[in-house]
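Participant: Build the complex: two chains, separate frames, hints provided.
Heads up: the protein sequence lines correspond to chains A and B, in order. Residue 273 in the working numbering sits at position 273 of the first sequence; the count goes up by one each step and never skips. Residue 242 in the working numbering sits at position 242 of the second sequence; the count goes up by one each step and never skips.
Please keep in mind that the hints were generated in silico from the structure rather than gathered at the bench. Note that the coordinates shown come from a computational prediction; the quantities given were computed from them, not determined experimentally. Hints are supplied without guarantee of correctness; some may be wrong.
[What the hints assert, rightly or not] Each computed DSBU-like pair below joins lysine-lysine, with the alpha-carbon atoms no more than 30 Å apart: (1) A/100 <-> B/200; (2) B/282 <-> B/234; (3) A/171 <-> B/191; (4) B/189 <-> B/204; (5) B/392 <-> A/337; (6) B/204 <-> B/282; (7) A/171 <-> B/234; (8) A/337 <-> B/417; (9) B/144 <-> A/37; (10) B/392 <-> A/328; (11) B/191 <-> A/38; (12) A/72 <-> A/38; (13) B/189 <-> B/282; (14) A/342 <-> B/417; (15) A/300 <-> B/200; (16) A/38 <-> A/171; (17) B/200 <-> A/98; (18) B/204 <-> A/72; (19) B/200 <-> A/37; (20) A/171 <-> B/204; (21) A/171 <-> B/224; (22) A/114 <-> A/75; (23) A/337 <-> B/348; (24) A/34 <-> A/98.
[As the list claims (entries may be wrong)] Covered by chain A, according to a simulated footprint, are these stretches of chain B (three or more residues, beta-carbon under 8 Å): (25) 285-292; (26) 373-387.
A virtual CB, placed ideally from N, CA and C, is assigned to each residue, including glycine.
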Amino acid sequence: MSKLVKSLALSAAVFTTGLMVGAAQAGDADAGEKVFKKCKACHAVGDGATNKAGPQLNDVIGRTAGTVDGFKYSKGMIEAGEGGMVWDEATMTAFLIKPKDVVKGTKMAFAGLKKDEDLENVIAYLATFSSSAPADSSQAPAEPAPAQTAEAAATPDAASSSSLRESGIFKLGRVATQDEIAAWDIDVRPDGQGLPEGSGSVADGEVLFADNCAVCHGDFGEGVGRWPVLAGGHDSLKDDRPEKTIGSYWPYLSTVYDYVRRAMPFGNARSMSDDDVYALTAYLLYLNDVVTDEEFVLSKENFLEVRLPNEENFFMDDRSEEPHYASKSEPCMTNCKADEVKITMRARVLDVTPEDGGDDDAGVGAVD
Amino acid sequence: MTETKDKGSPSLSRRSLLKAGLATGGAAVAGVAASGARAEGDPLITEIQDWNRYLGDGVDAAPYGLPSEFEADVVRRNVPWLTADAVSSINFTPLHELDGIITPNGLCFERHHGGVAQIRPQDHRLMINGLVDTPLVFTMEDLKRFPRENHVYFLECAANGGMEWRGSQLNGCQFTHGMVHNVMYTGVKLKTLLEEAGVKTNGKWVMPEGADASAMTRSIPMEKALDDCLVAWKMNGEALRPEQGYPLRLAVPGWEGNMWVKWLRRLEVGDEPWHHREETSKYTDLLANGKARRFTWVMDPKSVITSPSPQMPISHGEGPMVISGLAWSGNGRITRVDVSLDGGRNWKTARLDGPSLSKSLHRFYLDIDWDGSEMLLQSRAMDEHGFYQPTKNELRAARGENSIYHNNGIQTWYVQKNGAVENVEVG
Numbered sequence: 001m002s003k004l005v006k007s008l009a010l011s012a013a014v015f016t017t018g019l020m021v022g023a024a025q026a027g028d029a030d031a032g033e034k035v036f037k038k039c040k041a042c043h044a045v046g047d048g049a050t051n052k053a054g055p056q057l058n059d060v061i062g063r064t065a066g067t068v069d070g071f072k073y074s075k076g077m078i079e080a081g082e083g084g085m086v087w088d089e090a091t092m093t094a095f096l097i098k099p100k101d102v103v104k105g106t107k108m109a110f111a112g113l114k115k116d117e118d119l120e121n122v123i124a125y126l127a128t129f130s131s132s133a134p135a136d137s138s139q140a141p142a143e144p145a146p147a148q149t150a151e152a153a154a155t156p157d158a159a160s161s162s163s164l165r166e167s168g169i170f171k172l173g174r175v176a177t178q179d180e181i182a183a184w185d186i187d188v189r190p191d192g193q194g195l196p197e198g199s200g201s202v203a204d205g206e207v208l209f210a211d212n213c214a215v216c217h218g219d220f221g222e223g224v225g226r227w228p229v230l231a232g233g234h235d236s237l238k239d240d241r242p243e244k245t246i247g248s249y250w251p252y253l254s255t256v257y258d259y260v261r262r263a264m265p266f267g268n269a270r271s272m273s274d275d276d277v278y279a280l281t282a283y284l285l286y287l288n289d290v291v292t293d294e295e296f297v298l299s300k301e302n303f304l305e306v307r308l309p310n311e312e313n314f315f316m317d318d319r320s321e322e323p324h325y326a327s328k329s330e331p332c333m334t335n336c337k338a339d340e341v342k343i344t345m346r347a348r349v350l351d352v353t354p355e356d357g358g359d360d361d362a363g364v365g366a367v368d
Numbered sequence: 001m002t003e004t005k006d007k008g009s010p011s012l013s014r015r016s017l018l019k020a021g022l023a024t025g026g027a028a029v030a031g032v033a034a035s036g037a038r039a040e041g042d043p044l045i046t047e048i049q050d051w052n053r054y055l056g057d058g059v060d061a062a063p064y065g066l067p068s069e070f071e072a073d074v075v076r077r078n079v080p081w082l083t084a085d086a087v088s089s090i091n092f093t094p095l096h097e098l099d100g101i102i103t104p105n106g107l108c109f110e111r112h113h114g115g116v117a118q119i120r121p122q123d124h125r126l127m128i129n130g131l132v133d134t135p136l137v138f139t140m141e142d143l144k145r146f147p148r149e150n151h152v153y154f155l156e157c158a159a160n161g162g163m164e165w166r167g168s169q170l171n172g173c174q175f176t177h178g179m180v181h182n183v184m185y186t187g188v189k190l191k192t193l194l195e196e197a198g199v200k201t202n203g204k205w206v207m208p209e210g211a212d213a214s215a216m217t218r219s220i221p222m223e224k225a226l227d228d229c230l231v232a233w234k235m236n237g238e239a240l241r242p243e244q245g246y247p248l249r250l251a252v253p254g255w256e257g258n259m260w261v262k263w264l265r266r267l268e269v270g271d272e273p274w275h276h277r278e279e280t281s282k283y284t285d286l287l288a289n290g291k292a293r294r295f296t297w298v299m300d301p302k303s304v305i306t307s308p309s310p311q312m313p314i315s316h317g318e319g320p321m322v323i324s325g326l327a328w329s330g331n332g333r334i335t336r337v338d339v340s341l342d343g344g345r346n347w348k349t350a351r352l353d354g355p356s357l358s359k360s361l362h363r364f365y366l367d368i369d370w371d372g373s374e375m376l377l378q379s380r381a382m383d384e385h386g387f388y389q390p391t392k393n394e395l396r397a398a399r400g401e402n403s404i405y406h407n408n409g410i411q412t413w414y415v416q417k418n419g420a421v422e423n424v425e426v427g
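Same shape as in the complex, but just chain B (with noise of 0.2 Å):
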């Protein structure tokens, strides 16, 4: 890779243009109306407003309630050149908007292989066959009898950031982190559901199967499926949203979304793994030697800064401000973040908030008091096994470029003096 020349204003969105202050002089601006507004008052301030004279909605305006229409920005988007179509592709989860680690149930990412499957629950069953002492058959209100449990995890494609192997591309956090989100799930216990069936002793893996048009399925060793495999109905309370897996959808805590099997139908028990298409074709490894991982299920330590970044520039000049990012693993709970403003040079541990859970997103947080000069931001996290987040190039040596899946690799966002900021990659 070669250093490129600066070919002048940065290229920046309209809408990241307009949240920089208009980028050149953003600050001076600011200034003078600040000491326009010492003078005569704030209009917002000394003027009546409508809404402070008006009546607003009433009570039932909108029976489910939906963002403030000056949040319309605040959505997942698309990158159409990813995938040939619509129907088989996938979303973005706009991070850069989010704080605290609940991701709102209309904005979690979309992956879909055959478009999203509208099932009535009093029409959805979920079916447990194969190595067990008796196959059984699950209604919705079947399942909703057994003891239930809540826990907040990520879900993160493998895929996330598969689109930088071969150096930045995306310029904003959505796009090149983009795939993951974090809720709390209300469901059972696999293992319970495993063990009402009765799992012979040779019942060495579990394949689920969903009921969509692509009909999912991958295999998942035993030892994962009676840990903390959970069956689950409700998405951060309400029911699932139809895009992720309505009625019924497993949670794999931990491990690659495409193994979370959304509307789920059936379990099977088995004594060897099925090898079906999303395990070899796909979400394999392929290496530099030609070689391809198989059954590359955890996903590793990784962080990244959603504020500031390309869709978030710094709009309000020098000064004191909040650098903010997430941080997971899938090995259990985040220990430990650094962030470097000088491109991996010096780091400093950053102060981790809210709640610590396992396989869950972690927010952590950075109190700078920015100088006005350029940074080259970093984050790299820790997780309780003592894993730490490696950087790209330490990836590319181990793996090569074309591996699509497990980039965990350190993001390094460039923050130019005007409060831009661009997805680069450092020497």
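Next up, chain A with everything else stripped away, as it sits in the complex (with noise of 0.2 Å):
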């Protein structure tokens, strides 16, 4: 059989089934297929069905809640299956009228079939996919064209999506996917939010710091040329020339996680895994004498333990209490000094202005 009779074969199977079921129980599958594009842009059925925003839905019918091997359910819904709740019409028919009030904290954002018909129907559309579906129980799961199969696993579409959306009044774009959201989503906060799972050595740092990070930063942080000083500093924060390293200046240690992860090594970004992060920042910690164990380990549990020393020097802007700016008053117009105002200092003394044969390397205060 050629591919495309074989195709058509297959398409004419699951009519046949979806006529079949549809007649064994109150749903129709074959309008439920047409239901099932609202559901379509987060879930995938049939052969070859994976896990997108929502978990693939073969044999749903029957199973217990939150168990589909390799998805991430939401805390309620890992719940909810521990409570011992299985998907049958029932528990079906009530979760997709309004998601959220049968599982709280569903990670599913629709916002529920309002039909009966409709509810019935993709029931019954599903069902064929279940072999432990009463109706359909002594039938083996069919399939659907593989050409839907192909079209349901690309970027959904903006019209199925759109109705998916509790959302917006303009319905324009669609919904992101799970694993989108993965790819792109990799920034990390103080509080830990974000750290991948992971863990990484000082020595391992060390090895991998020598190989990337030291043709810039020095083998100990401490920068060649203009790139950036990494460590030491200690203290000098008031003095004349402030060295402002991790060590000496960053506030939160997370920040050189999420930097290193996300732009470095430059001209190389996000080619280091997460445990060879978790190493970069643990070498980090040793070259600025925070972590003093050459053996230390850093991984995402003990993270949070770490405190960089100067995270209490910061705080919020104020700079409309300054005097200047605090008084508000109407600024001197006439004779406003008393002598006559003197030159104190001339930028053509330090004469490091370009294209006046300036000297190149003369200049104070780079901004990086």
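Facilitator: Right, here's the structure in full:
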């Protein structure tokens, strides 16, 4: 049989199965397939269905809630399953009317189906993919046409996802999938939110640092040329030339992890594994004497135990309380200075202006 | 600081000297030429010029028009010693050559942290995720279907003037004040996009993220995000320039330029700020007592005289002239600019000209009759909330000299008798 013929035959099989199930149950599986378009942005069903923003739905009827392998359920859904909730016509109907009322905290961002016939039909449709569904128990799970499977696995289209949305008035764009969010949402906060699983040692970090970082930051984080100095500078913040390093200035360790993971090494961002970033962060703590044990291993578990010494020395913007802003008095217009004004400093003495033949290395107050 | 002795003739660039009419005696030479012209006639008038006889280029000689070849000096400039590498560096808008309030797109200063990303608009996505009802993904086409707005806003790097904290260092307002530009943006309100995703009640912060190799992130409080932030794809009517974030950037009006994330690909909503690198290690203002301000978002009122200035000396000798400059405030409109010719002893209120728009550059002029004597030029801006620009010494008294960022102190230009201008500080 040619591929095309086979696919047509399968389509016919689905169609037939749908009709049969539809006849056996209150719902019409064929009509349910149309209703399921509202679900397709997040759920796949049929041959080769995998988890998307929502779990795959083969054999969902008769399954204990929250038990599809590899899907990250909400706490609420896992608890519902542990409490004995099994998907059958009754539980599925209640859930699809208003998901958040049935399973508190569910990740399913779907407002719910309003029409009884839609509910019945979509459940009938899902039952055709469930071997344990009563009306369908004697049949092998039916397969939808391969073409449809491919479509469901591809980027969800705006039309089908717009009806899934609780929010918005324009219904433009589409729902982001969990995989897409996971690919981009790698940010880490001081409270540990966003830290991935993993760990890395000072020793491993030292090797990684020498290979990837030392070319700009120096073997000991001392900085090469004008590249940032990463270590040292303790108690220098009140000096004429403060050295603002991770150890002397940065308030939070999470910033190191986040920044290295998103932007380093310079010119080869996102090339480090999560464990590598833990190891480099551990090594930077070691270079800054925040940890002194060469055997130290930094991990998601002990990350929040490490505090940087300068954390307390940051405060919210209060410029408006500075005397020159706070007064808001009318500025002086005449005879504002008692004597003739004298020049106290001239730029050309330093002579660092480009095109003035200025010395390329003479300036102070670099921007980085 | 001590007074420094004048070591003789001012150190000027060749270009500045040419503009100053070769400094000494420039006015006299001009005078001779003028009287000669009366007798025989100016050859530019009495003789037929090539451009008057021969044909010029046809319409398609430059499908995208460029400035005249005689404006080749009007370019962005870099200060090589400022940063480690041009890929993560900054250059400066030639403010001294510009007039009005709009910065031409090709002259807007650049600041990148991982070079200029080149992104096909068809390949660009904007994601909204975090504490929202529905995480969303938009294409550029999607974004252009939302209601659209146009606004003129200045964008100033918080480090503009950062090299001058310890005293006058760079000769030219391009270098002392050129990390600012002002263009009209077209885009959709950030509020509209956030509402489309539905911000949860505990969503208090928004984190924009760039798609470039630095994946720039900043934390923006929700109040600002819902107020006037714009997700923009046009500047001055045409697509954003690649170096300004093509195809999409965030505008955070009145707030420091680093927050205007370019190549904007993601907006995350959270309940706490992220304290990422650019709001901890950088863009925090270290004070003399060793403590540091954070979240210093607003750009305070500021002004500078753009002409005359070190790169734009007086070339015409005494007589009528225009003192021209720019003023801006992240708080709103500029209501007044005062100009001093004597280093801040006496002030005259300048004339604001052109549109007065909130969080936009304002153009001011003071028309004077120069008597040819030395001047110490200063300008002082005041905004609609009554905040006015402090002196550099007032700022130093409050903050010390290690703040790097937010130096909006009053600038002094020393105009010499020959018309040359120098960046100085006064007592």
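Participant: For each hint, tell me whether it holds in the structure or not.
Facilitator: Evaluation of the provided hints:
A C-alpha spacing of about 15 Å is found between residue 100 of chain A and residue 200 of chain B, which places the hinted pair at or below 30 Å, so the restraint holds. A distance of roughly 28 Å separates the Cα atoms of residue 282 of chain B and residue 234 of chain B; the hinted pair therefore holds under the 30 Å criterion. Taking the CA atoms of residue 171 of chain A and residue 191 of chain B, the gap is near 15 Å; set against the 30 Å cutoff, the hint holds. Annotation: proposed proximity of residue 189 of chain B to residue 204 of chain B holds, straight-line Cα distance about 17 Å (limit 30 Å).
For a cut-off of 30 Å, the pair hint linking residue 392 of chain B to residue 337 of chain A stands: about 15 Å separates their Cα positions. Simply put, residue 204 of chain B and residue 282 of chain B have alpha-carbon atoms about 22 Å apart, close enough for the 30 Å limit, and the pair holds. At most 30 Å may separate the alpha-carbon atoms for a hinted pair to count; residue 171 of chain A and residue 234 of chain B meet this at roughly 23 Å. Note on residue 337 of chain A and residue 417 of chain B: the hinted pairing holds, with a Cα-Cα distance of about 23 Å set against a maximum of 30 Å.
For the hint linking residue 144 of chain B to residue 37 of chain A, the alpha-carbon distance of about 26 Å falls within 30 Å, and the restraint holds. Using a Cα cut-off of 30 Å, the hinted pair residue 392 of chain B and residue 328 of chain A holds, with the two alpha carbons roughly 17 Å apart. The straight-line distance between the Cα atoms of residue 191 of chain B and residue 38 of chain A is roughly 27 Å, inside the 30 Å bound, and the hint therefore holds. With a CA separation close to 21 Å, the supplied pair residue 72 of chain A and residue 38 of chain A stays within the 30 Å bound.
A hinted pair counts as satisfied when its Cα atoms are at most 30 Å apart, and residue 189 of chain B with residue 282 of chain B qualifies at roughly 28 Å. Restraint check: the Cα-Cα separation between residue 342 of chain A and residue 417 of chain B comes to about 16 Å, which is no more than 30 Å; the hinted pair holds. Annotation: proposed proximity of residue 300 of chain A to residue 200 of chain B holds, straight-line Cα distance about 28 Å (limit 30 Å). Under the criterion of a C-alpha separation no larger than 30 Å, the hint pairing residue 38 of chain A with residue 171 of chain A is consistent with the structure, at around 14 Å.
Under the criterion of a C-alpha separation no larger than 30 Å, the hint pairing residue 200 of chain B with residue 98 of chain A is consistent with the structure, at around 18 Å. Taking the CA atoms of residue 204 of chain B and residue 72 of chain A, the gap is about 26 Å. The hint holds against a cut of 30 Å. A hinted pair counts as satisfied when its Cα atoms are at most 30 Å apart, and residue 200 of chain B with residue 37 of chain A qualifies at roughly 27 Å. Taking the CA atoms of residue 171 of chain A and residue 204 of chain B, the gap is near 23 Å; set against the 30 Å cutoff, the hint holds.
Restraint check for residue 171 of chain A and residue 224 of chain B: the C-alpha separation of about 24 Å stays at or below 30 Å, so the hint holds. With a C-alpha separation of about 26 Å, the suggested pair residue 114 of chain A and residue 75 of chain A falls inside the 30 Å cut-off, and the hint holds. Proposed proximity of residue 337 of chain A and residue 348 of chain B is supported: the alpha carbons are some 15 Å apart, at most 30 Å. For the hint pairing residue 34 of chain A with residue 98 of chain A, the CA-to-CA distance comes to about 20 Å; that is within 30 Å, so the pair holds.
Counting residues of the region 285-292 of chain B whose beta-carbon sits less than 8 Å from any beta-carbon of chain A gives 6, enough to reach three: the coverage restraint holds. Counting residues of the region 373-387 of chain B whose beta carbon lies closer than 8 Å to any beta carbon of chain A gives 5, which reaches the threshold of three, so the coverage claim holds.
This entry satisfies every hint, going by the numbered hints stated previously.
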